[in-house]
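Undergrad: Chain H is already provided as a structure; the job is to place chains C and U on it using the hints.
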Amino acid sequence: MIDTDDRKEIVFPGDIVEKGELNMRNGVFRSVDGSYRSQFFGIVQKGDEFVDVVPFHGTYVPRRNDKVIGKIIDIGPSMWTVDIKSPYMTMLHMNDTPWKLNSGEIKRAIGVGDYVYAKVQTVNEVKESWITLKEPGLGLRKLEGGHIIYVPAPKVPRIIGKAGSMVNMIKDATNTRIVIGQNGLIWIEGQIEGVLKATSAIELIKSMAHTNGLTDRMMEFLKIEKKGEE
Amino acid sequence: MGTPSDKKLIDENGLRLDGRGPDELRPIRIRTDVLERADGSAMIEWGGNKIIVAVYGPREAYPKHTQDIERAVIKARYNMAAFSVDERKRPGPDRRSVEISKVISEALTAAVMVEQFPRTQIDVFIEVVQADAGTRIASLTAASVALANAGIPMKDFVVGCTAGRVEGKVVLDLSKEEDNFGQADLPMAVLQKSGEVVLIQMDGELSKEEFDSAVAMIMDATKRIHEIQRNALVEKYQNIEAGGEE
Amino acid sequence: MPKDASGVLSEIKRSFIQEKLKSGFREDGRKLDEMRKITIDENYVPRAQGSAFVQLGKTKVIVGIKIESGAPFPDTPNLGVMTTNVEMLPMAFPTFEPGPPNEDSIEIARVVDRGIRESKMIDLEKLCIEPGKKVMIVFIDIDVIDFDGNIIDACTMGVVKALSFARYKPDPEGDELPVPINNHPISVTMVKIGNEILCDPNLEEEQMSNARITVTMTEDGKIRAMQKGNIGSFTLGQINEVIQMSERVGNGIREQILGEVR
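Protein chains in written order, with the numbering used here: chain H, 1 to 230; chain C, 231 to 476; chain U, 477 to 738.
Quick caveat, the hints were computed from the structure, so don't treat them as lab data. Virtual Cβ for every residue (Gly too), placed ideally from N, Cα, C.
Now the stretches of chain C that chain H is said to cover, found in silico as 3 or more residues with beta-carbon under 8 Å:
{"#": "1", "region": "281-295"}
{"#": "2", "region": "340-351"}
{"#": "3", "region": "460-466"}
Isolated chain H, as found in the complex:
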């Protein structure tokens, strides 16, 4: 339970957003009367420099250098078609993997239904994107085992938390490995009980992403879960 001071300001499409001394960034448009208005039903987020309106739901559109999780949905001779929950086509070429593969045999490396953790390498003028597994040091790979869940892309920053604080807390408390794609797909690996607990923790954040004091509440939630086990 939190008091109303904890609530962030909720806005609706067409509502005026006050910018104060800050600059407008995402989720707003300039109306014909000169005012800034929200494009979304969502919350106003004011940082040190910028004001954003973040929708509660929304479609992911790929940006260069985003790290995403994608599902292989088709295989050609030299490339895979990947579903990253974007309305536009996404592809992975065999030369953008760490393996030496011959044309026509690439499904031995990754099959339909497999998931990959990849980086968006290029986005063309019609928003089609190419992803890569090749860059070292980022943990890009084919995801083996584990469990996949989905949250709307706008909620991803809340699940990660400041400098990863939220997701690290969940990992530690549930003894799981977690990989979060900026497109909203999340991979969780570990013992079934841990995976289920991590899943419900993320579901909780999903439903409360618009409130403040989330970290405290998550600590409480994970502790309660632990008690229940004993």
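TA: Frame of chain H; chains C and U shown alone:
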């Protein structure tokens, strides 16, 4: 418009069959997130109307020739359940539902920032589960909520209402009897903030003065209906605030 | 059989479900012969002569019944008529498309229809007004609005509930009568994953299985309709197993959804 019946639609006190005054709305209730699979959804109960709206997208436009390289295409599909009307309706689109789908698609396109998602389509599936006069503007009002619920960028809400002439008087939000036996029907939808008209249809007979007063009634009603749209969206977030989880 | 949005169920998900099944439980915690939560709102569409809104887990269907007078079929001049139609609406799932019913929805409608018809749930003889000329036609129409597996059972229980409360007017000027009912058929649909048989599959379980079977039974313990679907097979031993499961699970459903009617 049908032929007048012996039934009086407006009594000597100016009240209508269901007890409403001339500028009173039927009860309206909207709920969001009523469906699991859809990207956004809403259900509206407006008088005896019961309508479910689901939004999918933006997603790849299919078939490909329907793609617009500049913007998303909004495809509304208005469909009446076989059991939604007095006499069973054969399933599938008829000329009426095709026309209504078209004017609803066009009205929603005026509000959605379609230029953000070129080459995609946004599907708006509308199922009329029970029809009770005014289904097109009820559908449009709920569709606007479902789009906001799906996180589709919009510059404004679309909100609609009807007015008409019954026994020589201009009244708001026609009931089924008034629709059948009245003398004019004027469904209209506007962008809520700018007041721009994005849907208007009319049949029957209205003087210019009657038209003006019908429009004034509708414009006033859209303010009240818009409050219901906002409350429907925010309802579940307020519940969480109060400590109740879903 | 519908697949998920991109047409395939991931290996990750498959192994997760299989691992859980080994322990006798399903991914959502149910036992193998346990139904999902059932909620039925009766008279959901007051304008129809009978109706029900069924939620079976996350699957949602709306059943509406219209009863109108018309001509009998020439070969059954003394019998009323019933028809069943299922609309898999495009709002129910990302890959469902608008248009006339496809083979999946026709199969579903026919299996539901067969269960009701072969049980003789509706006493069609009593729906004859004037032999050879005028009978009552019972139109059963079902909208599938949200899809998470096992449409057949959701539809059947909705139809049975709606018919149990349906009323009609043989004479437009006369009184309303309840639809004459003989019994209450319940369908139970089961799938096979590995060698396990489980009832009321959700979408992921449907995707993982390659054999499906529906057994519809009445309260007298008689089997009234069966339908095996999909490319896999059942042994005769498993067929016996599914009949037993259908009776046991079906009795529970009947009790739950009709307790107050019967």
